[in-house]
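Working from the sequences, and respecting the hints, build out all of it.
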Amino acid sequence: MDDDENLPRNANDPVALLVKQDLDPLSVDELDQRISLLESEISRCKAKKSFAVTHRASAENLFKK
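Residue numbers 3 to 67, in the numbering used here, belong to the letters of the sequence shown in order.
Mixed in with the good hints there might be a few duds.
[Claimed, not checked] Per label pair, the in silico range of CB-to-CB distance:
| hint | residue 1 | residue 2 | range |
| --- | --- | --- | --- |
| 1 | 34 | 60 | 22 to 28 angstroms |
| 2 | 14 | 60 | 30 to 36 angstroms |
| 3 | 51 | 20 | 34 to 40 angstroms |
| 4 | 55 | 21 | 23 to 29 angstroms |
| 5 | 57 | 20 | 25 to 31 angstroms |
| 6 | 66 | 19 | 39 to 45 angstroms |
| 7 | 52 | 26 | 34 to 40 angstroms |
| 8 | 11 | 52 | 31 to 37 angstroms |
| 9 | 15 | 53 | 34 to 40 angstroms |
| 10 | 44 | 64 | 14 to 20 angstroms |
| 11 | 46 | 13 | 20 to 26 angstroms |
[Unchecked claim] In silico EDC-like pairs for lysine to aspartate or glutamate, Cα to Cα no more than 20 angstroms straight-line:
| hint | residue 1 | residue 2 |
| --- | --- | --- |
| 12 | 51 | 41 |
| 13 | 51 | 62 |
| 14 | 22 | 43 |
| 15 | 51 | 32 |
| 16 | 48 | 24 |
| 17 | 22 | 32 |
| 18 | 50 | 26 |
| 19 | 50 | 62 |
Keep in mind that the hints were calculated from the coordinates and are not lab data. Remember, predicted model here, so these are calculated numbers, not experimental data. Yeah, the Cβ is synthetic: ideal placement off N, Cα and C, and Gly gets one too.
What follows is the structure, encoded as structure tokens:
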């Protein structure tokens, strides 16, 4: 499987730009900061996903006959 298959289709997508960024010039401290920020973003995405799933389930239950 090609790694690019998992990238968003739009070349200007922030995630596509992020994964293409060269990490070689970054120091260990900069890499730690980047990891921390990415972990925070993962947590934010998971919280949004959880809310969306719960909201959808609530809406489906509301409209069931």
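(message) For each hint given before, does the structure comply? Return the numbers of the non-compliant ones in rising order.
(response) 1, 3, 8, 9, 10, 15, 16 and 18
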